[in-house]
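There are 2 protein chains.
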Amino acid sequence: MEHLEDHERMDVWKTIEDALFNDQIDQFRAEFLDLHPYDQAKIFEEVEDDVRLQIYTYLSPEEVADVMEHIDYDEIEPFFTEMDPRFAAQVFAEMSTDDAVDILNELDKNKVASFLTIMDDDSAEEIKDLLHYEEKTAGSIMTTEFVVVKAGMTIREAMLHLRKEAPDAETIYYTYVIDEDKRLVGVISLRDLIISEEDWVISDVMSERVVSVSVGEDQEEIARMMRDYDFLALPVVDFQNHLLGIITVDDIMDVMEEEASDDYSKLAAISDVDGPDDRAFTSAKKRLPWLVILLFLGSLTASLIGRFEETLDQVAILAIFIPLIAGMAGNTGTQALAVAVRGIATGETYKQGKSKIVFREAGTGLITGISCGILIFLIVFIWQNNLYLGLLVGLSIMITLIVATLAGALVPLVMHRFNIDPAVASGPFITTINDLISILIYFGLATAFMSLLL
Amino acid sequence: MEHLEDHERMDVWKTIEDALFNDQIDQFRAEFLDLHPYDQAKIFEEVEDDVRLQIYTYLSPEEVADVMEHIDYDEIEPFFTEMDPRFAAQVFAEMSTDDAVDILNELDKNKVASFLTIMDDDSAEEIKDLLHYEEKTAGSIMTTEFVVVKAGMTIREAMLHLRKEAPDAETIYYTYVIDEDKRLVGVISLRDLIISEEDWVISDVMSERVVSVSVGEDQEEIARMMRDYDFLALPVVDFQNHLLGIITVDDIMDVMEEEASDDYSKLAAISDVDGPDDRAFTSAKKRLPWLVILLFLGSLTASLIGRFEETLDQVAILAIFIPLIAGMAGNTGTQALAVAVRGIATGETYKQGKSKIVFREAGTGLITGISCGILIFLIVFIWQNNLYLGLLVGLSIMITLIVATLAGALVPLVMHRFNIDPAVASGPFITTINDLISILIYFGLATAFMSLLL
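Chains A and B are the protein sequences, given in the same order.
Numbering of the first sequence is given in our numbering, commencing with residue 1184 and proceeding in unit increments.
Numbering of the second sequence is given in our numbering, commencing with residue 1184 and proceeding in unit increments.
Misleading hints may appear alongside valid ones.
Below are the EDC-like pairs computed for lysine to aspartate or glutamate, each with C-alpha atoms no more than 20 Å apart in a straight line [as the list claims (entries may be wrong)]:
1) A:K1225 <-> B:E1531
2) A:K1225 <-> B:D1413
3) A:K1292 <-> A:D1267
4) A:K1347 <-> A:D1364
5) B:K1537 <-> B:E1440
6) A:K1539 <-> B:E1229
7) A:K1319 <-> A:E1492
8) A:K1225 <-> B:E1404
9) B:K1225 <-> A:D1604
10) B:K1469 <-> B:D1455
11) B:K1225 <-> A:D1413
12) A:K1319 <-> A:D1375
13) B:K1333 <-> B:E1404
14) A:K1347 <-> B:E1380
15) A:K1469 <-> B:E1188
16) B:K1225 <-> B:E1188
17) B:K1469 <-> B:D1604
18) A:K1347 <-> B:E1229
19) B:K1347 <-> A:D1411
20) B:K1365 <-> B:D1413
21) A:K1319 <-> B:D1351
22) B:K1347 <-> A:E1328
23) A:K1347 <-> B:E1404
24) B:K1347 <-> A:D1267
25) A:K1225 <-> B:D1411
26) A:K1319 <-> A:E1441
27) A:K1537 <-> B:E1440
28) B:K1319 <-> B:E1492
29) B:K1225 <-> A:E1328
30) B:K1319 <-> A:E1380
31) B:K1469 <-> A:E1531
Pairwise CB distance ranges (calculated) [unchecked claim]:
32) B:E1228 <-> A:T1264: 20 to 28 Å
33) B:D1421 <-> A:D1421: 30 to 38 Å
34) A:A1631 <-> B:L1483: 47 to 55 Å
35) B:Y1256 <-> A:D1421: 55 to 63 Å
36) A:Q1535 <-> B:A1213: 50 to 58 Å
37) B:A1334 <-> A:S1386: 49 to 57 Å
38) A:E1381 <-> B:D1421: 37 to 45 Å
39) B:D1496 <-> A:R1490: 48 to 56 Å
40) A:D1194 <-> B:D1421: 21 to 29 Å
These aren't lab readings, by the way, just hints derived from the structure by calculation.
Glycine is no exception: its CB is placed at the ideal position from the N, C-alpha and C atoms.
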C-alpha cells in the first residue's frame, strides 16, 4: 500500500471507526494496528477526545507507546493528561527510553515525578538516568535499548541472543561488543553476522575500529558524523569508554530537521518557523519580540540621521539614497553572515582558520564593493546629471559593502569565540547594525564634502 | 577507535605513507583499508597528485570506488580525470549505481560517453537507465542494488539468497517481495527474517502494506516520508507498481542537508552558502548577481523617494525615519516569508489551506502593526515633541507592517501556485519590495497631511 495522504487517512479511519463504535474489539484492533504508527498518530490528533479515550481501552500500553512516539512532542501533553495515570506510566515504560525522556522533558516537573513513582522500578531508573543529560547532547538523544554481546561468544550464541533481544531493541543491525568491564571493544553488523559461519568467534569477525561519540557531544556534530560515515547507529560512551547507549539514524534525521529549521528561523528573526501556528496571536507572539528590538535599533538609526539634520536641510536630495545604501549594507551583511554561520555549523571554519576567512571576506567585500560602486556611480551620474553626487553615492556604496561584508562575517565568528550560538546574530539584526554603519559612512562623507555638493 | 579529527587524520597518514614510498604493498593495503572510506577520501583530497597516482595502483577498482563515494561530488572531477580511463570505468562499474550516476552528472557529456563505452555492458546499461531521470526525483537518487525474494520462498531459501547477495546489495535490512510480473507485493525486514522459523513461507511473514514512492516523486517529499515513518529504505516503483530501485537513509540524509542548505542560501540571497569557497573571487561570484539585482531594485526605491522631493524639501525631518520604516517593512516581510516558505516545504500549507494562512498573516500583521505603531508613536512624540510627526510615523509603521506581512506571505504562495520554487523569493528580495511599499505609504501619508506637519 502507498503511504497515506492526509485526506486518505481520514477516509481510512471512517472504515475503521464503525468497529470501535459497535464494540467489535478484535476487528478494530486488526484494522487499526495494520496502519503504520505514524498514520495512527495522525488519526489520534484528528479525532474527538472521547473517541481517543475509547481507543486507549482497546489497545495495550505497548501499542499506545508506538503511537505516542510519532506525535509531535510540542503537542503531546494533552494526550498523557487525558489517560489514566497508571496507564500513562505503563505507556512511558514501554516507549524507547530516548523518546520517553524527550516527552517527559515537555511535561511539568510534578507530573513527571508522579509518573516515575507509579512506573515499575527498572523503567523509572533508566528514564531518570537519561533525564540528567543536558539538552542537545548525545546523552539526551541516546536510547538504552541496545544489544551487546561478549567478544568470546560464537556467532551461533550471538544470533540466539540477538533473536531473543530483537523485539525490544531499538536496532539490531549493529551489535556492540563489550569486555568484562563493559567497555566497548568492537562492533559487528547483522550483515556480517549472517554471512559468517556459525562456529566462528565474535572477536575474530568484529571490527575493532568502532566509531563512538562521548556522552556530552553536541547533537549537531553527531548528525554530521553519521552523514559523513553513513552509519545507521552510533554507540555513546563515557570517558572510560563504557557503553552507555546508542543513537539511531531515525533520531538523527529529526535532529537534522530541528537544527536546519533553527538556523533558518534565526536568519529570519523569528523564534520558531515551525510548530503549531494556527492562530494570528501565537504567530504574533513569536515575531513581536524581535520586531520590538529591531524597532529600538531602528530608532537609533533615526537619531543618527537626526544628527545630520543640517546636512539634510542643505542638500535634501541626499535623503533619496538612504534606503538604497542602507539596504545594500543589509543585503551584503546577510550574505556574509549566512556563509559564516554555515561555515561554523559545518566545521569548515576550523578547517580553513578564522584569519583566512576574514581575509577572504575582505577580498569579497572589495570586489563586490568596487563593482557595485562603479555601477551606482554611473546610474546616479546619468540620472541626476550630478558628478559629485554620483561620486558620493558610489564611494559610499563601495566603503559600505566592504565594511558590511566584514561585519557580517566577524559578528558570528566573535560570538562563536565567546560560546554564543552565532545563529542568534540573525539576518535582520545584522541588517540593522549595518544600517547604522552605512548611514554613518554616507552622511559622514556628505558632510565632509558638502562644499562640492551645494 | 574514535572517529578521526581533521588533524589526527594526517598524523595517521604519516604512519601509513612510509609503506607506500617503500613499496610495501601488503602493509600499505592493510593499514589504509583499515580506515573508514570517509577518512580515506579525506586523505585523498589532501595528498599530492603523484601520491594519489601511486595509491590507485595499489588498490582494486572496488576499493577505489568506496573512497570515491565519500568525496564531495563538486570536487570529484580531477580524480577521475587523473586515473587511467579503463581503471576509472571499472571504478564506476563497482560503485553504487546512484552514486555513479550522481558523479557522472557532474562530468562533461563526452567524458561520460567514453566511460560508458569502456565499461562492461551490464553496469553501463544500469547507469544509462538512471541517467535519464530528472534531477531531485526518486529516480535520480535511487540505487538498483537491492535484494528481492519471491513470495513463495521459505525463510531458509530467502536467507540463503540474502547471504549470497549481501556483499553487493546497498542494504539487506529490508528485503522486498515481488510477484511473477516483478510487481512489488510485500516487504520483510531482516529483523523479522531472523526471528522467524526456517520453514515458514515468506508470504505468511511479510508485510503487505509496503510504503513505496513513485519514480518521479520529489526528493524533499521522500525525505519527509522517511523521517515521519522512520524507514531505513524505501522502494521506488513505476505506475504499474514494478519495483525499480530503492532509496536508502544515508542518501536521504544528504538530501536533507542539501535542501536545508538550499533554503538557507536563498533566504540570505546567495547562490550557495556551502561548497568550496576558498577564494574571494569565487565567493564574490556567488554574491554579486544578487547584489546587482538588489542595487537596481534599490535605485527604484530611490527614484520613488525622488518623486516626493518637494515634500522632503519642506519637511526635511521626514528623512530621519526612512531607514526605520523601510527596515521594519523588510524585517516583518522576511519573517512572514520564512514561515510561508517552510510551510510549503513541510506540507503544512496544504493541510491548513491557503486562505486560512492569508487570514492568519493579516491578523498577525494587525497585532504586530498596532503594537509597534503605538510604541514608535510614543518614542517619536516624546523625542521630537511633535504630535503630528509621531502620528505620521506610528500610522505608517502600522499600515506598513500589515501590508509587508501579507506581502511576505503572499509572494511565496503565489510563486508556488505558478510552480516556481518559493524559496527563490529570498529575504533581501522581499525586503527590497517591502522598502518600496513602505516608502510609498510613508510619503503618501506625509504628502496628504502636509499642512499638519508644517
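Requested in this report: Could you tell me which of the numbered hints above are not met by this structure, giving the numbers in increasing order?
Outcome: 4, 5, 7, 9, 12, 13, 15, 18, 19, 20, 21, 22, 23, 24, 27, 28, 29, 30, 32, 33, 34, 35, 36, 37, 39
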